[in-house]
Amino acid sequence: MDLLEFARGPALQWAAYILVAGSIWRIVGILLLKEKSDFSEPRKRAGLGSALKVVYTRSFTAPPFAKATMYPKMMAYVQHVGLFAVVFLFVPHIMFFKGFLGFEWPGLPNSVIYVFGVAAVVASLALLIRRVTSPVLRLISNFDDYFSGFVAILPIATGLLIPVRLGIRYEDLLAIHILSVVLFMIWLPFGKLGHVFLVFITRGTTGIAFERRGAKT
Amino acid sequence: MKKTPTVGEILQAKGVSRRGFLKYCATTASILALPPSMIPRIAEAIENARRPSVIWLSFQECTGCTESLTRSASPTVEGLIFDAISLDYHHTLQAAAGDQAEAARHAAMEENDGSYLVLVDGSIPLANPGYSTIAGISNVDMLKETVAGAAAVVSIGSCAAFGGIPGADPNPTGAVSVMDIVTDKPVVNVPGCPPIPMVMTAVLTQFLTFGTLPDLDKHGRPMAFYGKTIHDRCYRRPFYEQGRFAETFDDEGAKAGWCLYKLGCKGPITYNACATTKWNSGTSFPIESGHPCLGCSEPNFWDKGGFYEPLSTGKFDSGERLAGAAAAGVALGVAAAAAGRRKQSKFAKEG
Chain A
1 MDLLEFARGP
11 ALQWAAYILV
21 AGSIWRIVGI
31 LLLKEKSDFS
41 EPRKRAGLGS
51 ALKVVYTRSF
61 TAPPFAKATM
71 YPKMMAYVQH
81 VGLFAVVFLF
91 VPHIMFFKGF
101 LGFEWPGLPN
111 SVIYVFGVAA
121 VVASLALLIR
131 RVTSPVLRLI
141 SNFDDYFSGF
151 VAILPIATGL
161 LIPVRLGIRY
171 EDLLAIHILS
181 VVLFMIWLPF
191 GKLGHVFLVF
201 ITRGTTGIAF
211 ERRGAKT
Chain B
1 MKKTPTVGEI
11 LQAKGVSRRG
21 FLKYCATTAS
31 ILALPPSMIP
41 RIAEAIENAR
51 RPSVIWLSFQ
61 ECTGCTESLT
71 RSASPTVEGL
81 IFDAISLDYH
91 HTLQAAAGDQ
101 AEAARHAAME
111 ENDGSYLVLV
121 DGSIPLANPG
131 YSTIAGISNV
141 DMLKETVAGA
151 AAVVSIGSCA
161 AFGGIPGADP
171 NPTGAVSVMD
181 IVTDKPVVNV
191 PGCPPIPMVM
201 TAVLTQFLTF
211 GTLPDLDKHG
221 RPMAFYGKTI
231 HDRCYRRPFY
241 EQGRFAETFD
251 DEGAKAGWCL
261 YKLGCKGPIT
271 YNACATTKWN
281 SGTSFPIESG
291 HPCLGCSEPN
301 FWDKGGFYEP
311 LSTGKFDSGE
321 RLAGAAAAGV
331 ALGVAAAAAG
341 RRKQSKFAKE
351 G
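Each protein sequence line maps, in turn, to chains A and B. Just so we're aligned, residue 1 is where the first sequence starts under my numbering, counting upward by one. Just so we're aligned, residue 1 is where the second sequence starts under my numbering, counting upward by one.
Everything labelled a hint here was simulated from the structure, so no lab data went into it. On a predicted model such as this, the values are computed, not experimentally measured, just so you know. Every residue gets a Cβ at the ideal spot worked out from N, C-alpha and C, and that includes glycine. Accuracy of the hints is not assured; some may be wrong.
[Stated by the list, open to error] Selected chain A positions facing chain B (Cβ under 10 Å, derived; list incomplete):
#1 G22
#2 W25
#3 V28
#4 D38
#5 T61
#6 P64
#7 K67
#8 I94
#9 G99
#10 L160
#11 V164
#12 I168
#13 R169
#14 I176
#15 I178
#16 S180
[Stated by the list, open to error] Where chain A lies over chain B, by a calculated footprint (3+ residues, C-beta under 8 Å):
#17 151–161
#18 296–308
#19 337–350
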């Protein structure tokens with residue numbers, strides 16, 4: 001079995017097991033926690049609408065902080081939109097998803113994907129530089145912040161190397177790329193990358209709690 | 001040793017013009033990435049070379065490699081060059097049979113000890129020597145005996161080079177490649193199912209010209225032919241970059257010649273010269289004929305997933321194990337939540 005066969009086969013397989021088991025563990029473990037008793041009279045009826053509202057409103061910065069957070073917010077958007085496009089709109093990736101979902105969707109030309117990929121890498125580096133140069137951010141950052149950022153951007157960087165080659169054989173680069181995705185899948189449930197599935201749960205929970213207390217959301 | 005005619009004399013006798021011969025030399029120099037200054041040297045070497053003795057051994061194979069060689073459009077200079085070697089043993093092509101054939105092999109080995117070439121097509125079964133025999137001799141014994149006095153060995157086709165289809169899972173005959181057995185002689189792999197005739201003749205031409213074997217890649221293949229992927233040199237590559245793909249074999253995309261990636265093309269991971277050298281006197285190659293590359297010149301190509309599955313498809317097993325992982329996740333989550341609740345209650349009491 002060569003490296004590519006290992007990456008496409010057992011490595012991806014086990015990464016999928018860990019991703020599924022780890023993600024469900026985190027979600028179920030959080031959802032089944034006991035809710036804190038609240039003896040106060042609710043100001044408003046809170047429900048799904050309250051949750052969805054905050055999921056949406058927290059996608060934008062509150063006006064008082066808009067100027068201060070403009071740079072990281074912009075970079076984070078570029079990073080996330082870039083990641084989304086590369087992962088879900090690159091045709092070979094769509095074929096990967098089709099392999100187990102059974103359906104596909106339209107993709108983008110490779111040249112457009114390369115632009116998104118490079119933008120995502122540049123934005124990630126910009127955010128990293130900000131993190132290490134800001135005394136406050138540096139103080140509150142831990143291993144998880146740095147490692148999660150590294151694990152998230154590694155598949156994009158290795159994927160961008162495939163057409164460039166740099167003297168490395170295509171199948172070796174492809175194997176390295178897939179292994180970087182394997183690392184991403186394994187780490188995702190356990191570190192801050194877990195926000196992929198937790199972000200909506202936490203925002204929704206916050207929305208319901210704030211609505212109940214009559215806070216402006 | 002009897003006086004054998006030179007290759008030049010044979011080509012002349014076959015009616016090959018000087019222009020045609022030099023054109024062949026120039027093409028060969030170009031393919032082998034040699035400077036134009038080497039063309040006269042190639043021509044001189046080929047013209048003056050004595051016919052090298054070649055022993056062709058066919059083991060677990062389908063004769064497709066021999067077919068490829070003999071079906072090359074005739075008459076080509078490459079074909080004549082092949083006529084110009086002394087093919088002393090090839091049990092598909094030779095007239096002799098039985099003891100006579102074996103006697104021819106032994107005679108060639110004795111007369112050309114240390115200088116003959118052994119060409120092998122087919123894999124070698126090790127699970128049981130009786131699975132494949134020639135004149136009552138097992139393949140592995142015949143290979144070991146024949147290569148003992150050889151200058152070099154050329155594995156023709158993917159079966160000889162990597163085990164090929166006989167070596168595919170579950171490999172019932174215990175098929176192995178030539179390289180698995182021959183470790184003390186130079187071995188050149190010319191894989192493909194079958195390989196391109198020009199590639200076979202070019203390897204022999206280099207041996208005739210320089211007395212050396214070509215530079216090889218990590219799989220023992222000549223870099224001149226196996227240095228680039230099919231994808232790198234594919235005329236459909238621009239469509240890949242544009243995101244234009246044939247969805248089925250007869251849709252508008254297929255008719256327009258769009259990329260065959262979605263139909264399972266293995267061109268991106270397949271190193272071969274099909275896209276440039278082509279087949280049938282440069283007429284076309286599989287992708288040009290509308291079929292995705294199967295990756296037949298790569299090791300274990302038969303076991304690398306479905307031929308018609310896109311390359312990026314993961315090799316997952318059934319969903320049962322994934323469902324098991326999900327169930328394990330639920331169990332872990334419930335256990336974690338229970339532990340969390342106990343902690344919550346403890347804090348509430350202390351609180």
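Hint check:
no. : hint    : in the structure
1   : G22     : holds (7 Å)
2   : W25     : holds (4 Å)
3   : V28     : holds (3 Å)
4   : D38     : violated (13 Å)
5   : T61     : violated (32 Å)
6   : P64     : violated (34 Å)
7   : K67     : violated (39 Å)
8   : I94     : holds (9 Å)
9   : G99     : holds (4 Å)
10  : L160    : violated (14 Å)
11  : V164    : violated (13 Å)
12  : I168    : violated (12 Å)
13  : R169    : holds (8 Å)
14  : I176    : violated (13 Å)
15  : I178    : holds (8 Å)
16  : S180    : violated (14 Å)
17  : 151–161 : violated (count 0)
18  : 296–308 : holds (count 4)
19  : 337–350 : holds (count 6)
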